[in-house]
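Peer 1: Read off the chains here:
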Amino acid sequence: MRSIPDPVDPRNEPLFPNALIVARREYGEKVGSRLFHLSTALLAALAVLLAFSPIMVRLVDSGSSTRIGVVASDDALADRAIAIMSGVLGSTAGGADAYVFTRAATADAAVGAVVDGSLDAALVAQRAPNGRLSFTFHAGEGVGADRTQLIGVGTLAVAILDWTGSQDLSGGPEFQLPTLDVVAATGPNAGGQPIGGAEYASRRVVGIVFIVLIFITVVIYGMWVAAGVVAEKSSRVMELIVSAASARQLVIGKILGIGAAGLTQFVGILVPALLALALQDRVASFVLGSSESLGASFVALSPGLLVAYLAFFVLGFALYALVYAAAGSLVARPEDLQVIALPLSLVAIGGYLIAIMALSGGGGSIVRLASFVPFWSPFVMLTRLTVSRVEPWEIALAFGLLIATVAAMTSFAVRVYAAGVLLYGQRPGLRSVIGVVRRI
Amino acid sequence: MSLMIDGLSKRFGSVAALDDLTFEVPRGQIFGFLGANGAGKTTTMRIVVGVLDADAGRITWNGADHRSLPRRTWGYLPEERGLYPRMKILDQLVYFAGLYGMPRDEAIREARAWLARFRVPEYADRRAEELSKGNQQKMQLLAASLHGPDVMLMDEPFTGLDPVNVALLREAFLELRDRGKTIIFSTHQMDTVEAMCESVAIIDRGRVVVGGPIREVRRATGRRMIRLSVEGDHRLEWLATIPGARIIRPGIDRSEIELDAGVEPEEILAAAIAHGARVNHFEIADPSLEQVFLDLVGRPLDDEMTLAPAEESAA
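For the protein sequence lines, the chains are A and B, in the order given. Residue 276 is where the first sequence starts when you use our numbering, and the numbers rise one by one after that. Residue -19 is where the second sequence starts when you use our numbering, and the numbers rise one by one after that.
Bound-form chain A, shown alone:
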């Protein structure tokens, strides 16, 4: 079968080994630079601070009260629950004012109060015909895993004392362990499925770390690619290079090399951040007192999520890096790079902001739609995966669209690069960009 000549690469040269030769040079230059070492240390410090942020928030928040509305199927149970839980939690956790329980008329009214912020949480108690107590804890955003766990202890105390109160001389029903469902009254709970408070708190921390890291990955490493292309143009080595290798080999090699350097830095940032998360409870106990715990922050860090993160990192970086490479080829001077890179950075910032919205449980259909848009899915779908439950077809669609866009963008970026690298002395503007695109 006769192959069709590629207008950009009529020799049909194989991608390798030249792409690897280019990648090795890019990797060595990047990882060997002092700036790389400095920025890695700085970002690692930031990631550790971020991982410890819940402790700092708790430290600041340690003097505040958690206001909980109590609703029960009968008045006696409501009064008993308020009295017992005030006593138990007031004596064990943070002093008498740490928890303030008040009576609420109905479950809907109590949950509404949590949503509008006038209450931090609502506890709904119900007695089954067999006497078993079941509790539903509607946790607001400010209620962390530790306080949710203490509520669990409180409900057990209520059940025990309620059972003892029901005993008479002839005995009574056997004691039955109460049930406790934790529901996020605010924040993400996709598909109406409740997420436990401990897991929710953990997912938020992990989500913030992931969003920040992937944003840095895309914008900073993407800019490295663009800056590398501009540096080759400004140092006038570009024409030597483009006569020695094809545009496809050069673009993909550069992205591979810088991507690998980015991954190296990423590991350098992530390892201390994960260590910080692992040590969070010990640090919390030391800083906040022996009774304080933040719950296991690794609850949300499932292997599936890590795989998804890696896939979004690779695809997201590839997509943005391709566009940055093409953008870099259109300018000749480093000072012009910001002009042409700004619109692309704004696109990334848009995805970042939507992801932050998703992290807070807001956005609804906008978040859902944005999670399929290829330039945003690395941020938004990743956030949805981190803090809520996503249908498998949604994940498949997001990845499918992203992979197709990366493939199309590879072809487009290589063509722009091939035409753009020989442009010198032209100011970056819409006209020059259109001129290049029309020529390819």
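FYI, nobody ran anything at the bench for these hints, they're computed from the structure. Among the clues, some could well be false.
Claimed, not checked - Among chain A residues calculated to face chain B with C-beta under 8 Å, some are: (1) N293; (2) I296; (3) R300; (4) S510; (5) R511; (6) V512; (7) E514; (8) L515; (9) V517; (10) S518; (11) A519; (12) A520.
Stated by the list, open to error - Think about it this way: if two alpha-carbon atoms lie no more than 27 Å apart in a straight line, the pair counts; the simulated DSS-like pairs of lysine-lysine are: (13) B:K68 x A:K305; (14) B:K113 x A:K305; (15) B:K113 x B:K68.
As the list claims (entries may be wrong) - Counterexamples of contact, computed for chain B against chain A with all Cβ distances above 10 Å: (16) Q9; (17) G18; (18) I88; (19) R92; (20) L111; (21) L141; (22) A152; (23) P193; (24) L216; (25) T221; (26) V243; (27) E244; (28) H255; (29) S268.
Backbone N, C-alpha and C define an ideal beta-carbon position, used for all residues, glycine too.
Let chain A serve as the given structure and place chain B on it in line with the hints.
Peer 2: This is chain B only, laid out in the frame that chain A set:
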């Protein structure tokens, strides 16, 4: 067995950079590619090595289409040249040779050998930014040629070099030629072309004005020249009486006289003797390439390198 450039055309917007450009470069020769700035030399070289595409025309090397040949066939030293500033010279040379498919060990060996030939073996471990511009230029030449291409295309390779480095580069060219390589270079330095090239092409506005073996090109205008030395008379005032003869380069020792077509050199010799002159030297020569360029293109090759006449610029 040659590089054939046949009917090459290329436009950039409304500007025709090349317009049916045709010439042939015999294999194993040093070939001079002459033209003023903007004549189309760089565009031609970029198209030959595959950096740019032509709108029309065909380029073949030994009968094969140039873009079907592997990149290692070509070595290109562009006019806009540079190196990675912070990369060590040896690493850069090995990098470029590697892209052309040269095994690493062989590239290191060749690079060290050529650095030694250029008498700068210590540059291997230096960064490019530590070298002078002239020395960087030599390293760029090595980067473009280390892989042993059949055809070397060099755009203004002598520009910016001091006389010592020009001599070194000339020697390297001759050695590459002796190894069977074909070398094409552009330059404004006519004396270099006349000293080194066996064939040339002079182009203007994207078209070949004249091309071929250098002797034929020099005779293309029909003009002739003589070099004359007369004892005790360097002014040669009697020459003014001969129509079609003029001194173009006066000298105390020897003067160059240009003759229009139809004026025979023997007439000058006869006139000198008739005026009682004692002739020390009489040589019939072809016009210089510079003169050929002026005659055929209508302006000097380095026109843009000189100031316009005062009244013209004032206007």
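Peer 1: Indicate, hint by hint, whether the structure satisfies it.
Peer 2: Status of each hint after checking the structure:
1. Interface hint status for N293 of chain A: upheld, as the beta-carbon distance to the closest one in chain B is roughly 6 Å, under 8 Å.
2. Evaluation of the I296 of chain A hint against chain B yields a held restraint, the C-beta minimum of about 5 Å falling below 8 Å.
3. Below 8 Å, beta-carbon pairs count as interface contacts, and R300 of chain A has one with chain B at about 6 Å; its hint therefore holds.
4. Restraint check, S510 of chain A versus chain B: the minimum CB separation of about 4 Å is within 8 Å; hint holds.
5. Of the supplied interface hints, the one on R511 of chain A holds, with its beta-carbon coming within about 3 Å of a beta-carbon of chain B, less than 8 Å.
6. Hint on V512 of chain A holds. Least Cβ distance to chain B is approximately 4 Å, under the 8 Å limit.
7. The criterion of a C-beta within 8 Å of any C-beta in chain B is met by E514 of chain A, whose closest approach is roughly 4 Å, and the hint holds.
8. A hinted interface residue such as L515 of chain A counts as satisfied when its beta carbon comes closer than 8 Å to some beta carbon of chain B; here the least separation is about 6 Å, so the hint holds.
9. Interface hint status for V517 of chain A: upheld, as the beta-carbon distance to the closest one in chain B is roughly 5 Å, under 8 Å.
10. Restraint check, S518 of chain A versus chain B: the minimum CB separation of about 4 Å is within 8 Å; hint holds.
11. Restraint check, A519 of chain A versus chain B: the minimum CB separation of about 4 Å is within 8 Å; hint holds.
12. Because the beta carbon of A520 of chain A sits about 5 Å from the nearest beta carbon in chain B, less than 8 Å, this interface hint is met.
13. A hinted pair counts as satisfied when its Cα atoms are at most 27 Å apart, and K68 of chain B with K305 of chain A qualifies at roughly 15 Å.
14. Between K113 of chain B and K305 of chain A the CA atoms are separated by roughly 25 Å; this keeps the pair inside 27 Å, and the hint holds.
15. Our distance criterion of 27 Å between C-alpha atoms is met by K113 of chain B and K68 of chain B, whose separation comes to about 15 Å.
16. The beta carbon of Q9 of chain B sits about 22 Å from the closest Cβ of chain A, which is more than 10 Å, so the claim that it is off the interface holds.
17. No beta-carbon of chain A comes within 10 Å of the beta-carbon of G18 of chain B; the shortest separation is about 14 Å.
18. The beta carbon of I88 of chain B sits about 14 Å from the closest Cβ of chain A, which is more than 10 Å, so the claim that it is off the interface holds.
19. Chain A leaves R92 of chain B outside its interface by the beta-carbon criterion, the shortest separation being 20 Å against a cut-off of 10 Å.
20. Taking the minimum C-beta to C-beta distance to chain A, about 13 Å, the non-interface status of L111 of chain B holds against the 10 Å cut.
21. With a least beta-carbon separation of about 16 Å from chain A, L141 of chain B lies farther than 10 Å from that chain, consistent with its non-interface assignment.
22. With a minimum CB-CB distance of about 18 Å to chain A, A152 of chain B clears the 10 Å threshold, and the non-interface call stands.
23. Against chain A, the non-interface label of P193 of chain B holds: every CB pair exceeds 10 Å, the least being about 29 Å.
24. The beta carbon of L216 of chain B is kept farther than 10 Å from every beta carbon of chain A, the shortest such distance being approximately 50 Å.
25. With a minimum CB-CB distance of about 55 Å to chain A, T221 of chain B clears the 10 Å threshold, and the non-interface call stands.
26. Taking the minimum C-beta to C-beta distance to chain A, about 48 Å, the non-interface status of V243 of chain B holds against the 10 Å cut.
27. No beta-carbon of chain A is positioned within 10 Å of the beta-carbon of E244 of chain B; the least distance is around 50 Å.
28. No Cβ of chain A comes within 10 Å of the Cβ of H255 of chain B; the nearest lies about 58 Å off, and the non-interface call holds.
29. Remark: the non-interface label on S268 of chain B is consistent with the geometry, its nearest Cβ contact in chain A lying 32 Å away (cut-off 10 Å).
Checked against the numbered hints given earlier, the structure satisfies every one of them.
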